[in-house]
Amino acid sequence: EPEVTQTPSHQVTQMGQEVILRCVPISNHLYFYWYRQILGQKVEFLVSFYNNEISEKSEIFDDQFSVERPDGSNFTLKIRSTKLEDSAMYFCASSFGTESYEQYFGPGTRLTVT
Amino acid sequence: GESVGLHLPTLSVQEGDNSIINCAYSNSASDYFIWYKQESGKGPQFIIDIRSNMDKRQGQRVTVLLNKTVKHLSLQIAATQPGDSAVYFCAERSAGNNRKLIWGLGTSLAVNP
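Same order as they appear, the protein sequences are chains A and B. When the letters of the first sequence are read in order and numbered with the working numbering, they come out as residues 181 to 294. When the letters of the second sequence are read in order and numbered with the working numbering, they come out as residues 1404 to 1516.
The hints are simulated quantities; they were obtained by calculation from the structure and are not laboratory data. It should be emphasised that the depicted structure is a prediction, and the values quoted were computed from it without experimental measurement. Where a beta carbon is used, it is the ideal one built from N, C-alpha and C, also for glycine. Mixed in with the good hints there might be a few duds.
Interface residues of chain A toward chain B, partial, derived using beta-carbon atoms under 10 Å [to be verified]:
(1) 196
(2) 198
(3) 268
(4) 269
(5) 292
Subject to a maximum C-alpha distance of 27 Å in a straight line, what follows is the list of computed BS3-like cross-link-like pairs (lysine-lysine) [what the hints assert, rightly or not]:
(6) A:237 x A:258
(7) B:1445 x B:1471
(8) A:237 x B:1474
(9) A:222 x B:1471
(10) A:237 x A:222
(11) B:1503 x B:1459
(12) B:1474 x A:258
(13) A:237 x B:1459
(14) A:222 x B:1474
(15) B:1471 x A:263
(16) B:1503 x A:237
(17) B:1474 x A:263
(18) B:1474 x B:1459
(19) A:263 x B:1503
(20) A:258 x B:1471
(21) A:258 x A:222
(22) B:1503 x A:222
(23) A:222 x B:1445
(24) A:237 x A:263
(25) B:1459 x B:1471
(26) A:222 x A:263
(27) B:1503 x B:1474
Restraint ranges, calculated between C-beta atoms of paired labels, are given here [stated by the list, open to error]:
(28) A:185 x B:1486: 16 to 24 Å
(29) B:1430 x A:235: 17 to 25 Å
(30) B:1430 x A:249: 40 to 48 Å
(31) A:246 x B:1456: 20 to 28 Å
(32) B:1444 x A:207: 20 to 28 Å
(33) A:235 x B:1431: 17 to 25 Å
(34) B:1430 x A:234: 19 to 27 Å
(35) B:1511 x A:263: 24 to 32 Å
Start from the sequences, fold in the hints, and give me the full structure.
Spelled out as structure tokens, the structure:
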């Protein structure tokens, strides 16, 4: 069964450093998403991406964040200058088409900012 | 009531019993709802979804009920098994041309053998 994959599973970085989180969505999906989940809290939407551009973003997704689909398979989230409060699980998700809202999630990347 | 931080609402059931997990949503304009299951250390896993033009949908061992009058969603799990132990999230999508899912806090389900 096809699945969303994410790398790395755990990333430790120092405050102020740049990190890139990587995702490989399901191959025939058209919509891609990033969510984050601070430990013990609800899942929060960050950004959605379609047709090589951001279609929606939340107030969390400020200028420190960017997304890219550099080739036909990868979908990345970059945080330019990490802050302590960026520590969270980051989930990538993808969904198929215009009438399907069901999103499939990857296993997540745990980001720890020290 | 809603909890914050580490104090998730918790439901404890005996193996073989039926479980009912409830969710109150806030936006009357939401037209699509989805239940996810999240096991410890894993990403959310799709369970079942329902559109606002329906009030009930059944899957394998699971049923979702939607009451738009009181903005309430429930997930019923029949014959609960130890493997059902997880945190369950409801999420909603507002009507319109967006795909953002707004998530609830989650309910922790513990199945006692």
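Hints versus structure:
1. A least Cβ separation of about 27 Å between residue 196 of chain A and chain B goes past the 10 Å threshold, and the interface hint is therefore violated.
2. Taking 10 Å as the C-beta cut-off, the interface hint given for residue 198 of chain A is violated, the closest approach to chain B being about 24 Å.
3. At about 13 Å, the closest approach between the beta carbon of residue 268 of chain A and any beta carbon in chain B exceeds 10 Å, and the interface hint on this residue is violated.
4. Here the hint on residue 269 of chain A is kept, as its CB sits about 8 Å from the closest CB of chain B, short of 10 Å.
5. At a threshold of 10 Å, the smallest CB-CB gap from residue 292 of chain A to chain B is about 14 Å, leaving the interface hint violated.
6. For the hint linking residue 237 of chain A to residue 258 of chain A, the alpha-carbon distance of about 14 Å falls within 27 Å, and the restraint holds.
7. Distance hint between residue 1445 of chain B and residue 1471 of chain B is unfulfilled; the C-alpha atoms sit about 31 Å from each other, more than 27 Å.
8. Under the criterion of a C-alpha separation no larger than 27 Å, the hint pairing residue 237 of chain A with residue 1474 of chain B is consistent with the structure, at around 25 Å.
9. Between residue 222 of chain A and residue 1471 of chain B the CA atoms are separated by roughly 23 Å; this keeps the pair inside 27 Å, and the hint holds.
10. For the given pair, residue 237 of chain A sits about 17 Å from residue 222 of chain A by alpha-carbon distance, which is consistent with the 27 Å threshold.
11. With a CA separation close to 23 Å, the supplied pair residue 1503 of chain B and residue 1459 of chain B stays within the 27 Å bound.
12. Restraint check: the Cα-Cα separation between residue 1474 of chain B and residue 258 of chain A comes to about 37 Å, which exceeds 27 Å; the hinted pair is violated.
13. Among the hinted pairs, residue 237 of chain A with residue 1459 of chain B is inconsistent with the structure: their alpha-carbon atoms are about 31 Å apart, more than 27 Å.
14. Distance restraint check for residue 222 of chain A and residue 1474 of chain B: the Cα-Cα separation of roughly 19 Å lies within the 27 Å cut-off, and the hinted pair is therefore satisfied.
15. Proposed proximity of residue 1471 of chain B and residue 263 of chain A is contradicted: the alpha carbons are some 40 Å apart, above 27 Å.
16. The hinted pair formed by residue 1503 of chain B and residue 237 of chain A meets the criterion: a straight-line CA distance of about 8 Å does not exceed 27 Å.
17. For the hint linking residue 1474 of chain B to residue 263 of chain A, the alpha-carbon distance of about 37 Å lies beyond 27 Å, and the restraint is violated.
18. For the given pair, residue 1474 of chain B sits about 14 Å from residue 1459 of chain B by alpha-carbon distance, which is consistent with the 27 Å threshold.
19. With a C-alpha separation of about 25 Å, the suggested pair residue 263 of chain A and residue 1503 of chain B falls inside the 27 Å cut-off, and the hint holds.
20. The suggested pairing of residue 258 of chain A with residue 1471 of chain B is violated, with an alpha-carbon distance near 39 Å, which exceeds 27 Å.
21. Our distance criterion of 27 Å between C-alpha atoms is met by residue 258 of chain A and residue 222 of chain A, whose separation comes to about 22 Å.
22. Distance restraint check for residue 1503 of chain B and residue 222 of chain A: the Cα-Cα separation of roughly 14 Å lies within the 27 Å cut-off, and the hinted pair is therefore satisfied.
23. A distance of roughly 14 Å separates the Cα atoms of residue 222 of chain A and residue 1445 of chain B; the hinted pair therefore holds under the 27 Å criterion.
24. For the suggested pair residue 237 of chain A and residue 263 of chain A, the alpha carbons sit about 19 Å apart, so the restraint of at most 27 Å is met.
25. A threshold of 27 Å between alpha carbons decides the hint, and for residue 1459 of chain B with residue 1471 of chain B the separation of about 11 Å falls inside it, so the pair holds.
26. A threshold of 27 Å between alpha carbons decides the hint, and for residue 222 of chain A with residue 263 of chain A the separation of about 20 Å falls inside it, so the pair holds.
27. With a CA separation close to 19 Å, the supplied pair residue 1503 of chain B and residue 1474 of chain B stays within the 27 Å bound.
28. The hint said 16 to 24 Å for the Cβ distance between residue 185 of chain A and residue 1486 of chain B, and at roughly 23 Å that hint holds.
29. The supplied range of 17 to 25 Å is met by residue 1430 of chain B and residue 235 of chain A, whose beta-carbon atoms lie about 19 Å from each other.
30. A beta carbon spacing of about 30 Å between residue 1430 of chain B and residue 249 of chain A contradicts the range 40 to 48 Å that was offered as a hint.
31. For the pair residue 246 of chain A and residue 1456 of chain B, the supplied restraint of 20 to 28 Å is violated, since their beta-carbon distance comes to about 38 Å.
32. Hint check: residue 1444 of chain B to residue 207 of chain A, Cβ distance near 25 Å, so the stated range 20 to 28 Å holds.
33. Range check, residue 235 of chain A to residue 1431 of chain B: Cβ separation about 24 Å, and the 17 to 25 Å hint holds.
34. At about 22 Å, the CB distance of residue 1430 of chain B to residue 234 of chain A agrees with the hint of 19 to 27 Å.
35. A hinted range of 24 to 32 Å holds for the C-beta pair residue 1511 of chain B and residue 263 of chain A, which are about 29 Å apart.
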